[in-house]
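**Student:** Chain U: place on chain D using the hints.
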Amino acid sequence: MTFAIRLFRYFYGVLLRFYPRRFRAEFGSEMRAVFAEAVAGAAARGWVPLVVLFLRELRDWPGVLLWAHWLVFRKGMVMGEHMVKAAVSSGNGSTLEGRHAPVPWREALLAGLPHALVALTIQAGAVASAFGLLPSLGQGRPVVQIMLAGVFGLSMVVAMVIAWRREWPRWSASWLGYVFILLLGLLGQALQAWGSTLGGWWRTQLLDAYLGLLVPSLLAIMLCALGLRNRLRFLLTLLPLLPLLWSPVLEFSAYPVRAVVVLAIWLVAALLAALIARVGRVRTGIWLTLALNLAVGLAYTYTRTYHAHFPPEAPAHYSLPPTFLDWLNRFAPGVLAVSVVIIEPLLLRKLRVWGRRTGRLGVLGFRLSLVGLILLLAAGLTASWWFSSGWSFINRVWGYEVGRRFWLSILAYVAIFLCLSGAGFFGAALVRTGPSIEEGAALFLALVLVVMPVTAALLEVHGFWDIRTIPRIWGYVVGLPWLALGVWLVGRRSTRRVSGAAA
Amino acid sequence: MVEPGVESQLPLTEATFMIMLSLASEPKHGYAILKDVETLSEGRVRLSTGTLYGALKRLLGDGWIDRTDDAESDGPGRPRKIYTLTRLGRRVLDAETERLRDLVAVAQLRTAGAET
Numbered sequence: 316m317t318f319a320i321r322l323f324r325y326f327y328g329v330l331l332r333f334y335p336r337r338f339r340a341e342f343g344s345e346m347r348a349v350f351a352e353a354v355a356g357a358a359a360r361g362w363v364p365l366v367v368l369f370l371r372e373l374r375d376w377p378g379v380l381l382w383a384h385w386l387v388f389r390k391g392m393v394m395g396e397h398m399v400k401a402a403v404s405s406g407n408g409s410t411l412e413g414r415h416a417p418v419p420w421r422e423a424l425l426a427g428l429p430h431a432l433v434a435l436t437i438q439a440g441a442v443a444s445a446f447g448l449l450p451s452l453g454q455g456r457p458v459v460q461i462m463l464a465g466v467f468g469l470s471m472v473v474a475m476v477i478a479w480r481r482e483w484p485r486w487s488a489s490w491l492g493y494v495f496i497l498l499l500g501l502l503g504q505a506l507q508a509w510g511s512t513l514g515g516w517w518r519t520q521l522l523d524a525y526l527g528l529l530v531p532s533l534l535a536i537m538l539c540a541l542g543l544r545n546r547l548r549f550l551l552t553l554l555p556l557l558p559l560l561w562s563p564v565l566e567f568s569a570y571p572v573r574a575v576v577v578l579a580i581w582l583v584a585a586l587l588a589a590l591i592a593r594v595g596r597v598r599t600g601i602w603l604t605l606a607l608n609l610a611v612g613l614a615y616t617y618t619r620t621y622h623a624h625f626p627p628e629a630p631a632h633y634s635l636p637p638t639f640l641d642w643l644n645r646f647a648p649g650v651l652a653v654s655v656v657i658i659e660p661l662l663l664r665k666l667r668v669w670g671r672r673t674g675r676l677g678v679l680g681f682r683l684s685l686v687g688l689i690l691l692l693a694a695g696l697t698a699s700w701w702f703s704s705g706w707s708f709i710n711r712v713w714g715y716e717v718g719r720r721f722w723l724s725i726l727a728y729v730a731i732f733l734c735l736s737g738a739g740f741f742g743a744a745l746v747r748t749g750p751s752i753e754e755g756a757a758l759f760l761a762l763v764l765v766v767m768p769v770t771a772a773l774l775e776v777h778g779f780w781d782i783r784t785i786p787r788i789w790g791y792v793v794g795l796p797w798l799a800l801g802v803w804l805v806g807r808r809s810t811r812r813v814s815g816a817a818a
Numbered sequence: 017m018v019e020p021g022v023e024s025q026l027p028l029t030e031a032t033f034m035i036m037l038s039l040a041s042e043p044k045h046g047y048a049i050l051k052d053v054e055t056l057s058e059g060r061v062r063l064s065t066g067t068l069y070g071a072l073k074r075l076l077g078d079g080w081i082d083r084t085d086d087a088e089s090d091g092p093g094r095p096r097k098i099y100t101l102t103r104l105g106r107r108v109l110d111a112e113t114e115r116l117r118d119l120v121a122v123a124q125l126r127t128a129g130a131e132t
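Quick note, the sequences are listed as chains D and U, same order.
Residues in the first sequence are numbered from 316 upward in steps of one, following this note's numbering.
Residues in the second sequence are numbered from 17 upward in steps of one, following this note's numbering.
Isolated chain D, as found in the complex:
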């Protein structure tokens, strides 16, 4: 029996090792002591209670372990919930300023490292390949390029393991976007493999569902969740997505120039990520992220407009000399569309703070708006991935146009209904709390009068993200004022104190 007791205590020690370091430091010795007492008590009653006790520990271990790790991840990666609560209860906006302690340069460089690695491995490989410097094996990609991509993948795994061991320091947020993209890619591969076993028709449906529904929805949820919790980490995670969201613009651009431009953009992204992590100020982070959006937009649209390359079979009018308006028509709506991804999750955070300050009506308004805005974001991203055939299942039943309109419109209409309902509750809360809440009024206006019509209109016209086909009038007349208002709202220095009755 003594040997069995020692064995169980040893195994319990092994189980404890899997808990996060901070959890172990706080409770580890106590848990050991309690388990030792429990084991001694059970052993006095015989073998069966002893084994049952250990089996009970084993049964609960995975759940508690997952929860403990999730807690650490949440605290590290998406911390901020308690800060918002504190700010709401105190009526003091200072904690919403988003001032995080600056990190040493070494950590800041780790935040920029993934983007620099993309530049120096994947994009440098593309540049070398474009200039014919890399030998190609058969019809496949140059083997060196594949190896460089493998180096990046391996670095990502190593970085995540280090981040997990160090309980998710700030720099780890920079890698999170890539991990998410990788996980989505693996999910897509798994779905395709599964679809292949079911047959060709199912394979197409699963791929459509994956690209048209799953990827945009998960991305929208992830972005909003991060934006709501910790703005600095949200910005660091978002940074690598910006060049990817702009990448459709580069279609039909001359390859060597395109490869060099993309390489330069990833290096700029690396520099900005390091700066954002180093400075630790949310407002600076917002401005730098918006600056990257402008830089990517300028570089990509300029390349596409003035360094275009069309296949010989392209219609003759494709090759007409480019004009300034051609460039502007690509640039302005694109800036607006990508800015939505930056600003919307940050606006949601403001809405939540304001909603909580205005009581139950405000909270209800926030929740409805939250779901509505996530759906709108997902709908926008869905349009981004939309390929010419549309959703094949709906196409085959109702035809392409119906399929396209059905899917995009369903998401958009439900989202608009939810946003309008949320706005209604915000309006009611505003009436109750009086006109002193200047920011609340501004948010209300932003939500009802500008955000939804522009989003809805763009969705209805051609698909929000098909930035080449959006009439530029929307970009100039409606979109740019919304952009200015949104930047002003999310970049404001502090939130206003509200009356005691309102709080």
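Because the hints were derived from the structure by calculation, they are not lab data.
For each residue, glycine too, the CB sits at the ideal point set by N, CA and C.
All clues stand as given, with none of them false.
Using 20 Å as the maximum straight-line C-alpha spacing, the simulated DMTMM-like pairs for lysine to aspartate or glutamate come out as follows:
id	chain 1	residue 1	chain 2	residue 2
1	U	K51	D	E345
2	U	K97	U	D85
3	U	K73	D	E345
4	U	K44	U	E58
5	U	K44	D	E352
6	U	K73	U	D85
7	U	K73	D	E341
8	U	K51	D	D375
9	U	K97	U	D86
10	U	K97	D	E345
Covered by chain U, per the in silico footprint, the following chain D stretches (three or more residues, Cβ under 8 Å):
id	region
11	344 to 353
12	361 to 375
**Tutor:** Below, chain U alone, put in the same frame as chain D:
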């Protein structure tokens, strides 16, 4: 009448309720809570140490319990920790008890009506 601020925290899970109930009478250390929960539930709820300390961490984070060194512990090594219900924790426990009492009252009323 349940306090509005506390109401949003309800209902509690059975394990949380039993742990808080165990601490309602007096402060206890981990093993004492484990045994007391088993006694209170007449052997129905048996917590593992993982579940117990997971719940204790949550309760500490919410400010419903406090953790202090046990002044009376005389064993070797680090002093034992004892857990105490805070004022907020007691308010939450009272609110949950009241909620459960109301539920039972409604159920008794309805089942008594069905029998007659």
